[in-house]
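Chains as they are written, first to last, in full-length UniProt numbering: chain A, 1 to 345; chain B, 1 to 351.
Because the hints were derived from the structure by calculation, they are not lab data. No residue lacks a Cβ here, since even glycine has one placed at the ideal position from N, Cα and C. Careful, some of the hints might be misleading.
What the hints assert, rightly or not - Cut-off 16 Å, straight-line C-alpha distance, at most; resulting in silico cross-link-like pairs (EDC-like, lysine to aspartate or glutamate):
#1 K329/A - D109/A
#2 K87/B - D185/A
#3 K59/B - D188/A
#4 K320/A - E283/A
#5 K59/B - D185/A
To be verified - So, partial list: chain B residues that the calculated Cβ filter (under 10 Å) puts toward chain A:
#6 K56
#7 A77
#8 S261
#9 A265
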Amino acid sequence: MAALNRIQKIASHLDPPKPHKFKVAVLGAAGGIGQPLSMLLKMSPYISELSLYDVMNTPGVAADVSHMSTAARVKGYLGADQLPAALAGANLVIIPAGVPRKPGMTRDDLFNINAGIVRTLAEGVAAHCPTAWVAIISNPVNSTVPIFAEVLQRAGVLDPKRLFGVTTLDVVRAEAFISEIVGADPRDVSVPVVGGHAGVTILPLLSQARPSLPASMTAEQRKALMTRIQDAGTEVVQAKAGAGSATLSMAYAAARFADSCLRAMGGEGAVAEYAYVRSSAVEGLPYFSSPLRLGRAGVEDILPLGPMDAMESENFEAMKAELLGSIRKGEEFVAKGPAAAAAAK
Amino acid sequence: MLLAQRKLGVAQRAHSRAAAPMVARASRRSLRCEARKVALLGAAGGIGQPLALLLKMNKFVTELALYDIVGTPGVAADLSHCNTPVKVTAFSGAEELDACLSGADLVIIPAGVPRKPGMTRDDLFNTNAGIVQNLVRAAGKNCPQAVLEIITNPVNSTVPIAAETLKAMGVYDPKKVIGVTTLDIVRSNTFVAEARGLDMKDVDVPVIGGHAGATILPLLSQATPAVTFTDAEKAAMSEKIQNAGTVVVEAKAGKGSATLSMAYAAARMAESTLLGLNGEPNIYECAFVQSEVVADVPFFASKVLLGPHGVAKVMGLGELDAFETAALQAMLPQLKTEIQKGLDFAKANTA
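Just chain A, same shape as in the assembly:
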């Protein structure tokens, strides 16, 4: 990853990046994640037009954000009738829409509500901006990305290079937690986090962390760190005691991912990121989060996972079944169709 970033820096010196600007649509802009995310995106130098869509409250959020003295033009869109206009011409669609966890819930418990929401939005994207890059935050990501892919596929517009489940928050969390342990600036820490985006499907490859974890760390401590990264989302749900899940850190991570996408889209050379994508990286798993190289057309390369130590390999094997189950659940949801889903309620 460090090598890729060096290549990117060299490339940008040779061909100084003109800040290309794009239209970005946020679906779920009035929600707990959507609002701070909209604020951060309004500050992006890569966005010319920011389209804020939700089923309620968007006029207020758009009026608020539109007063910020940065270049992006903001428009609010309210309700399903306005979804087509919100999406028209979008280059990047970011989707935090849906309900968050309450204490005691897993991300999978959100499936019933969020699956339907994501399907409807996927149908909108297929109809109105089929070539846009799509970044899905709505949980359970392990299932909502396959749902989105199935809808796009049935509409004949799926391009797996441009469909992403956002896992950046896991990477951010891993970097933050490791920096506490090694005493480094968290922005100087890099650690791959691969797999999926729920509990044990989150696989931090601590053995590949830079700087490396201290040799004095015991196996129990490394296991505890891995568990902490996997359960960090739950940590916040508990701390918020029913008031929601991670919103501010999720907005921060999503804005970082959006930034990577927009720089890649604008041709700033290869951009290194992690995201949950359609993948043949792991046999038997149609979707997986790996280190990626992003370019103008989306995913240019899915990079190898690199070496895993014994603990990581063990976790990797152990989580495959759950990840596959979540993927199948998403695919079947779309296969059954809305009538069947309604009958099943």
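Guided by the hints, dock chain B onto chain A, whose structure is given.
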């Protein structure tokens, strides 16, 4: 990437206003960045949360102490996962307020209730006056050297409340009590840039007076780059700036007032303040402070120079054109009344 761009943008604005040479990035990096504790009172609220996020992303903050009467543990747990070096601590409830404030260099106060449609900022007085006074008392006790930045409305009254309260405690320093009016400047910059097709990064419009309705006085004649407006356009633009807060309250239909743009503006003001504290020269912002710029008006918003001890210098108003001179005279009675309301409240409520 986002963060670096924003930082440079803020610095560029500060320097273009002062018409001083831009401080090169290299020399800013070599500036000694002191450890800076920022206390945010009202951190779990509509403004507090996005503001906390922006402060967690700010490279001049070393510790961010979050206080509210409820909800701070969740906000702190959330923010602590962002991979920036800022250390986040959470304080909940009155018993923990002292610990939150101890050692703070900068205290930012968005705590209180926002407007609902139909309300003026003054309508918030009854609820928010007491909230601000309590928090300022605690600041006066625990961190009298800190710069206090007050967002809680009505700013025209809450800043005088803060000053009188600190005076009664014997710790008042007028250089350190600041009412945040930055959102009026941000709005002015946005609207003028949009109206004239300018790049927002380049536009700076000073706004003087106060922070409510007609007391908000944008000095379009002093805008950089220079813009020309007809009298009718001037009136319309001034009204648009003055009513912008109300427009958002209406658009939110009871769900609150400006939160995200307020967080953005307050974060800009906080960064300018921290730059000033760190000794960066030529940091100018408009702010509502104790002032002698207008006779018989003890508090007034104008351009101030921020320095190592807070407000280093309150600048004059510069040249006002006829429209602005008239508008200034017209709004002074409202401003004086709102200031007096705050002074009277504080004097009636000395602990």
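Do the hints match the structure? See the list:
1. K329/A - D109/A: holds, 12 Å
2. K87/B - D185/A: Judged against 16 Å, a Cα distance of about 11 Å means the pair holds.
3. K59/B - D188/A: holds, 14 Å
4. K320/A - E283/A: Holds: K320/A and E283/A sit about 10 Å apart, inside 16 Å.
5. K59/B - D185/A: holds, 12 Å
6. K56: holds, 8 Å
7. A77: holds, 4 Å
8. S261: With a minimum Cβ separation of about 4 Å from chain A (threshold 10 Å), the hint on S261/B holds.
9. A265: Hint holds; A265/B Cβ to chain A Cβ min 8 Å, cut 10 Å.
Going down the numbered hints, you'll see the structure goes against none, and every one checks out.
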